[in-house]
Amino acid sequence: MLKSLHLDPLKCTGCLQCEMACSYEKTGVVNPAKSRIKIFNFEAEGRKVPYTCTQCAEAWCMAACPVEAIKLDKGTGAKVVLEDTCVGCKVCTIACPFGTVNYMADVGKVQKCDLCGGDPACAKACPTGAITYIDADWTGLDKMRAWAEKANAAAL
Amino acid sequence: MAWNRKVLRVNLTNGTCNAEPLNMEWANDYLGSRGLGTKYLFEEIDPKVDPLSPDNKLIMATGPLTGTMASTGGRYTVITKGPLTGAIACSNSGGYFGAELKFAGWDMIIFEGKSAKPVYLYVENDKAELRDASHLWGKTCWETEDLIKESHQDPQIRIASIGRSGENQVMFACIVNDLHRAAGRSGVGAVMGSKNLKAVALRGTVGVSGIKDFAAFLKASNDAKKVLKENAVTGQGLPTYGTQVLMNVINEVGALPTRNHLDVQFEDASKISAEAMHEVRESDGKKHLLTNAACFGCTIACGRISKIDQNHFTVVNSPKYWGASGGLEYEAAWALGAANGVGDLEALQYANMLCNEDGYDPITFGATVGAVMELYEMGVLTKEQIGIEAPFGSAKALAFLAELTSRGEGFGKEVGLGSKRLCEKYGHPELSMSVKGQEFPAYDGRGIQGIGLNYATSNRGACHVRGYTVASEVLGIPVKTEPTATEGKPELVKAFQDATTIFDSAGICLFTSFAWTLADVQPQLQAACEGDWSMEKLNLVGERIWNLEREFNLAAGFTRKDDDLPPRLKNEPCKTGPAKGVVSHVEEMLPEYYKVRGWDSEGVPTAQTRTRLGL
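Chains A and B are the protein sequences, given in the same order. Here the numbering used here is used: the first residue of the first sequence is 1, the next is one more, and so on. Here the numbering used here is used: the first residue of the second sequence is 1001, the next is one more, and so on.
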């Protein structure tokens, strides 16, 4: 079963444990500046919103790469950057509609979420359940459940 | 080595920024943040220095756990000599600023001297430079953050700044970071203002790489996170209700100081409580509280984010206050509310926003307004002097005085003195509810005897977060003691005070101690830091830090007579509640406290104590 990261802004408190975990997993340094998942703070509404790559089925980053440095990991569905192949041309960063592939000037390569090979560090680190790693075919299940509960309560 | 081993020394007089190695011998003796910053300050300035002179220094210090995955590991401390008190000032803040300093590769920044013109410090990893801030002078903290991010075209910069109150030398000005977190007490913002330093802007992309044994650290921090999650206070109470969960509890105990401590119970406590923040407002059908929020690394998330009622008289014509904003936390709600007898939640939120916007401490501000209101009711201060009728309970007067204090105009200048100087000026020093010039926080030292002793002996003036014995005396953490009893309290106060220094010096939040003891912190420190960080060592370091702060104050000229409470708490019994008829017995507890501390009868550490602690 393919799994997918599921992000719930209503549960996010903005603690950045996910950014720390991501950066440590990928670089061996606790460094949110290198995190592939980012938390956005919308001050005026008091809302914190996690955002990262959705692993598009038709991945424009992968299609745009001129040196085939982005490959599909069949086991996880992740679109993975092959660092040895990446030439740092940044075309993928332009192709991605969501901005989730980014160039890292210090290494001269791009980086993006690769689902940590199927065990994403961000989801493990999230203390509130705002980031979960769930059945990719049923990311709407929680919302359905909430509506079902509402409908059921109304019927009683 | 969870320390970066690097200090940034900024000489504002010469305009220089230099890197120097962290004194690791001191780090081994004083851990970090609060303790280590105090050691640097103690070694580098004359404790008798005028706090607002160029000879004072201001230190921003992180701890070894700041910027790590340790829960709440985002704290930093500002250490300087405080203008409000003349004592050591040590103000701690969360948000994201502290961790960013660590990610930029530094442990602390030491500011010395005074700039000829307004400047801000910009730090991008190892690059540090002072930049012109003349366009920022006169701006609020909120405007300053926006303007700096805009001019650098970098929304990821983290900023700590002073507002107009810091520029105007309001004696209780804060340093505000990330819009609504603050190094709040003792006037550290006025020190920054006196140096013409408007802001510190950080961008750190180096990260923290020196954790000694990462696998052991991850296990220790995960174990400790589990303790927080499973604890009723840190796992449920604080995220749901915030610190405001205390309002009704402390009112019931009869220790909610009301109307400048004339009363100990507030008839409108429920209207300004956590529960009230959760209720749907009649006026607009919305809840005051929007959500909870975390500081960096925090798995508790006690922060309150609220939206004020747009129809409220304070903001009906000011849309800029209609967005979400920090607060109310318990201390602010108490000081802006019960301390003045104001039971209007929206008015408190408004005043709290002004405190955040222009950077001043709501505790001292609210308590000072309480004293002004008492002086007004006595006829000592008049409507003409203040600019408004100011009886207890007047939300209009509270809002009016907050606006004046923000702008530094009219009677706001008097309020900006703090209650001690203001009450002295108008002939009633006894009406200042303060110790060493710093106002009490939200617990009455009569109904809760231990906290009264802690206030009297706290090194930065009256303060609950130096030794929060309320945990034991009211909440039963770690063991329940009787709040009105005095027996055993000197030992209790000492134990809380010493342990607290370790939480602060490690770079984590004291609120973890609702669930954690030092035994939960110790494995995290041991895994992260080089050297021996056993329980024995931590106990010794905690006591050493407390005593060093004491030595600073003694050298600054404080004596036994400053370890005292105002006459009201010693002579006027609680009028209602479980502590009815009770006064503070601080004078009975003090000699025992000195003894427990290994100090002589004048409150001076004995030679033996100094030797034992390596002072």
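Because the hints were derived from the structure by calculation, they are not lab data. For each residue, glycine too, the CB sits at the ideal point set by N, CA and C. Just to be clear, a hint being listed does not mean it is correct.
The calculated lysine-lysine pairs, modelled on BS3-like cross-linking and capped at a C-alpha distance of 25 Å, are [as the list claims (entries may be wrong)]:
1. A:Lys124 - B:Lys1149
2. B:Lys1219 - B:Lys1271
3. B:Lys1480 - B:Lys1413
4. B:Lys1537 - B:Lys1575
5. B:Lys1396 - B:Lys1287
6. B:Lys1307 - A:Lys11
7. A:Lys26 - B:Lys1219
8. B:Lys1127 - B:Lys1149
9. B:Lys1570 - B:Lys1537
10. A:Lys124 - A:Lys11
11. B:Lys1226 - A:Lys150
12. B:Lys1006 - B:Lys1127
13. A:Lys38 - B:Lys1048
14. A:Lys3 - A:Lys124
15. A:Lys143 - B:Lys1383
16. B:Lys1580 - B:Lys1271
17. B:Lys1480 - A:Lys124
18. B:Lys1575 - B:Lys1271
19. A:Lys124 - A:Lys90
20. A:Lys26 - B:Lys1212
21. A:Lys124 - A:Lys74
22. B:Lys1212 - A:Lys124
23. A:Lys124 - B:Lys1226
24. A:Lys38 - B:Lys1149
25. A:Lys143 - B:Lys1286
26. B:Lys1413 - B:Lys1229
27. B:Lys1286 - A:Lys150
28. A:Lys109 - B:Lys1287
29. B:Lys1413 - B:Lys1383
30. A:Lys11 - B:Lys1287
31. B:Lys1383 - B:Lys1226
32. B:Lys1383 - A:Lys11
33. A:Lys11 - B:Lys1229
34. B:Lys1595 - B:Lys1575
35. B:Lys1226 - A:Lys11
Negatives, chain A to chain B, calculated, CB over 12 Å [said to hold, decoys possible]:
36. Met1
37. Met20
38. Ala21
39. Thr27
40. Val29
Of the hints stated earlier, which fail here? 1, 2, 3, 4, 9, 11, 13, 15, 17, 19, 26, 28, 31, 32, 34, 37, 38, 39, 40
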